[in-house]
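Asks: These protein sequence lines are chains P and E, in that order. Under this note's numbering, the residue at position 302 of the first sequence is numbered 306, and the numbers go up by one with no gaps. Under this note's numbering, the residue at position 78 of the second sequence is numbered 143, and the numbers go up by one with no gaps.
Hints listed in this document are in silico derivations from the structure and should not be mistaken for laboratory results. Every value quoted in this text rests on a predicted model; they were computed, and no experiment measured them. Among the clues, some could well be false.
[As the list claims (entries may be wrong)] Covered stretches of chain P, as calculated for chain E (at least 3 residues, CB under 8 Å):
hint	region
1	117-130
2	134-140
3	146-158
4	161-167
[What the hints assert, rightly or not] Within a straight-line C-alpha distance of at most 25 Å, the following computed DMTMM-like cross-link-like pairs (lysine to aspartate or glutamate) qualify:
hint	chain 1	residue 1	chain 2	residue 2
5	P	Lys156	P	Asp95
6	P	Lys344	P	Asp197
7	P	Lys53	P	Asp79
8	P	Lys53	P	Asp197
9	P	Lys156	P	Glu87
10	E	Lys194	P	Glu87
11	P	Lys156	P	Asp79
12	P	Lys340	E	Asp68
13	P	Lys32	E	Asp68
Think of the CB as a built atom: it goes at the ideal place given N, C-alpha and C, for glycine as much as any other residue.
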Amino acid sequence: MSHGLLLTAGQSFVDGWFNSLWVVVIAKAIIVLVFVLVAPLGVGYMEHKVLAHMQHRLGPMYAGRFHGWAQLLADGVKFVQKEDIVPSAADSGVFSLAPAVVLVPYIAIFVVIPFGKTVWAVNLDVGIFYVLAITSVSIIGIMMAGWASANKFSLIGALRAAAQLIAYELPLILAAAAVVMQAGTLSLVGIADAQHAFWYVLTQPIAFFVFMVAAIAELTRPPFDMPIADSEIIFGAFTEYTGLKFAFFLLAEYAGIVAFSAIASVLFLGGYQPILGLHIIPGFFWMSAKVGALSFFIIWLRATFPRLREDQLQRFAWVVLIPLALADIMVTGVIKVLVK
Amino acid sequence: MADTVVFWIAAPISVASAIAVVLARRAVHAALFLIANLFTLAVLFLVLGSEFLFVVQIIVYAGAIMVLFLFVIMLLGVDQEVSLREQLQGQRLVAALLGLGLLAEVVVAVRLGVGLHRTPLPDFAAVNKGGNVQALAHVLFNQYFLPFEVTSVLLIVAAIGAMLHGRRRMDEEETIDREQAVL
Numbered sequence: 005m006s007h008g009l010l011l012t013a014g015q016s017f018v019d020g021w022f023n024s025l026w027v028v029v030i031a032k033a034i035i036v037l038v039f040v041l042v043a044p045l046g047v048g049y050m051e052h053k054v055l056a057h058m059q060h061r062l063g064p065m066y067a068g069r070f071h072g073w074a075q076l077l078a079d080g081v082k083f084v085q086k087e088d089i090v091p092s093a094a095d096s097g098v099f100s101l102a103p104a105v106v107l108v109p110y111i112a113i114f115v116v117i118p119f120g121k122t123v124w125a126v127n128l129d130v131g132i133f134y135v136l137a138i139t140s141v142s143i144i145g146i147m148m149a150g151w152a153s154a155n156k157f158s159l160i161g162a163l164r165a166a167a168q169l170i171a172y173e174l175p176l177i178l179a180a181a182a183v184v185m186q187a188g189t190l191s192l193v194g195i196a197d198a199q200h201a202f203w204y205v206l207t208q209p210i211a212f213f214v215f216m217v218a219a220i221a222e223l224t225r226p227p228f229d230m231p232i233a234d235s236e237i238i239f240g241a242f243t244e245y246t247g248l249k250f251a252f253f254l255l256a257e258y259a260g261i262v263a264f265s266a267i268a269s270v271l272f273l274g275g276y277q278p279i280l281g282l283h284i285i286p287g288f289f290w291m292s293a294k295v296g297a298l299s300f301f302i303i304w305l306r307a308t309f310p311r312l313r314e315d316q317l318q319r320f321a322w323v324v325l326i327p328l329a330l331a332d333i334m335v336t337g338v339i340k341v342l343v344k
Numbered sequence: 066m067a068d069t070v071v072f073w074i075a076a077p078i079s080v081a082s083a084i085a086v087v088l089a090r091r092a093v094h095a096a097l098f099l100i101a102n103l104f105t106l107a108v109l110f111l112v113l114g115s116e117f118l119f120v121v122q123i124i125v126y127a128g129a130i131m132v133l134f135l136f137v138i139m140l141l142g143v144d145q146e147v148s149l150r151e152q153l154q155g156q157r158l159v160a161a162l163l164g165l166g167l168l169a170e171v172v173v174a175v176r177l178g179v180g181l182h183r184t185p186l187p188d189f190a191a192v193n194k195g196g197n198v199q200a201l202a203h204v205l206f207n208q209y210f211l212p213f214e215v216t217s218v219l220l221i222v223a224a225i226g227a228m229l230h231g232r233r234r235m236d237e238e239e240t241i242d243r244e245q246a247v248l
């Protein structure tokens with residue numbers, strides 16, 4: 005049985021380097037892991053600086069001399085040095101496992117995201133479906149964290165998070181389904197390729213809106229940060245965490261911003277397709293620029309909108325976003341049949 | 066080669082976590098072991114070359130059903146150790162007999178399906194030619210179209226039924242508020 009697993013369509017740029025299957029797999033794993041550990045630091049620094057400037061502050065200025073570029077590295081060193089506290093009433097096994105369960109799905113997402121025509125680890129046939137399925141796993145990590153902390157605020161935060169993530173997963177998947185219908189493939193590389201003439205944000209603006217709103221809710225970022233509302237429940241499910249485990253949750257949040265920006269770029273902004281046919285600049289640059297722009301947009305919203313109340317938040321998902329996404333799918337289907 | 070390695074990593078974890086579900090004393094631990102078990106099953110689907118079922122297994126079981134399980138367990142606060150004293154007379158014996166019966170049934174079913182000889186399995190690569198999703202859609206929407214539609218109608222009816230049961234009438238809500246005011 006040599007089929008099935010690890011079977012990929014096309015050739016990625018790593019495949020040509022080595023002959024052995026296992027060396028290629030390990031090389032790809034290392035590249036993905038390094039990317040997931042580095043890219044969120046860039047977004048984290050961007051959040052520090054963008055929020056600061058939007059509030060007429062300077063933000064970090066000292067670490068690394070030049071505009072505090074090394075602030076996140078310094079934070080990392082600080083987190084490593086901190087004491088690792090496990091509350092005595094906590095379920096220590098589940099408590100320690102939770103940060104990993106939250107972070108690992110976001111690492112697994114980057115395995116299938118294409119950053120160029122040949123810059124990907126696996127061109128999975130069911131790419132976008134896989135991505136949306138894997139993101140739903142991190143909910144379990146948050147619930148584990150909230151329950152194992154033996155803290156009422158943590159538990160309330162975890163339950164809020166679970167209710168919110170389940171509600172917003174539906175519009176997220178439905179919005180992606182509209183794009184999949186237009187592209188005629190689930191593969192992320194295929195969807196990016198299908199946009200060589202025009203970006204799908206032009207034909208699917210409603211799906212783009214629904215997807216971005218649902219993505220921000222999935223990330224529990226403001227204005228959908230009810231699960232970690234600091235004025236009510238301290239920091240939700242993450243209240244009892246310190247040191248490196250807490251850093252894992254922060255890393256997962258920024259990796260999540262990069263991941264959802266990358267998925268939205270591939271689905272709606274053409275992925276690695278260049279603007280104005282500028283093929284001289286490689287696709288990796290275009291993809292990174294689009295991911296950066298969407299990450300900036302997500303951070304911008306944090307500085308703009310107040311937090312939604314729990315009932316407003318649920319009503320918005322079930323009464324506005326899901327019917328909107330369903331109508332969009334219906335219209336896309338009708339047009340697809342008529343054009344054919 | 067790669068498939069065999071992954072199978073021998075996933076299969077023992079699958080069996081061990083399934084046993085742990087039964088042996089775990091706390092409900093949340095049992096639910097978490099069940100998630101691990103469902104995940105390894107998803108990996109086994111991938112090994113068999115069925116990417117679509119791999120993803121469906123994750124999104125439906127790990128992503129939706131088990132989250133609701135955990136949600137209910139946590140909301141009700143069932144985290145005390147459950148007493149293992151049986152309420153029903155002879156429950157253990159009947160359970161063991163039924164378990165053995167189920168095991169025998171599964172073995173017979175698999176043996177009848179695959180055959181008693183060590184014949185090679187059907188060629189999945191040929192079936193999946195042109196993509197696993199396309200192959201599945203072709204079978205589902207041609208050969209099994211009617212059962213598919215009937216199942217979807219059944220699910221919709223179940224969803225509407227659940228919604229009707231869960232809905233609270235306006236006047237009922239008022240009486241509840243009044244009772245609380247009196248108290």
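Asks: With reference to the structure, classify each hint as holding or not holding.
Replies: Do the hints match the structure? See the list:
no.	hint	verdict
1	117-130	holds (count 3)
2	134-140	holds (count 5)
3	146-158	holds (count 4)
4	161-167	holds (count 4)
5	P/Lys156 - P/Asp95	holds (14 Å)
6	P/Lys344 - P/Asp197	holds (20 Å)
7	P/Lys53 - P/Asp79	holds (15 Å)
8	P/Lys53 - P/Asp197	violated (34 Å)
9	P/Lys156 - P/Glu87	holds (23 Å)
10	E/Lys194 - P/Glu87	violated (54 Å)
11	P/Lys156 - P/Asp79	violated (28 Å)
12	P/Lys340 - E/Asp68	violated (39 Å)
13	P/Lys32 - E/Asp68	holds (18 Å)
Figure legend: structure checked against the earlier numbered hints; hints not met, in rising order: 8, 10, 11, 12.
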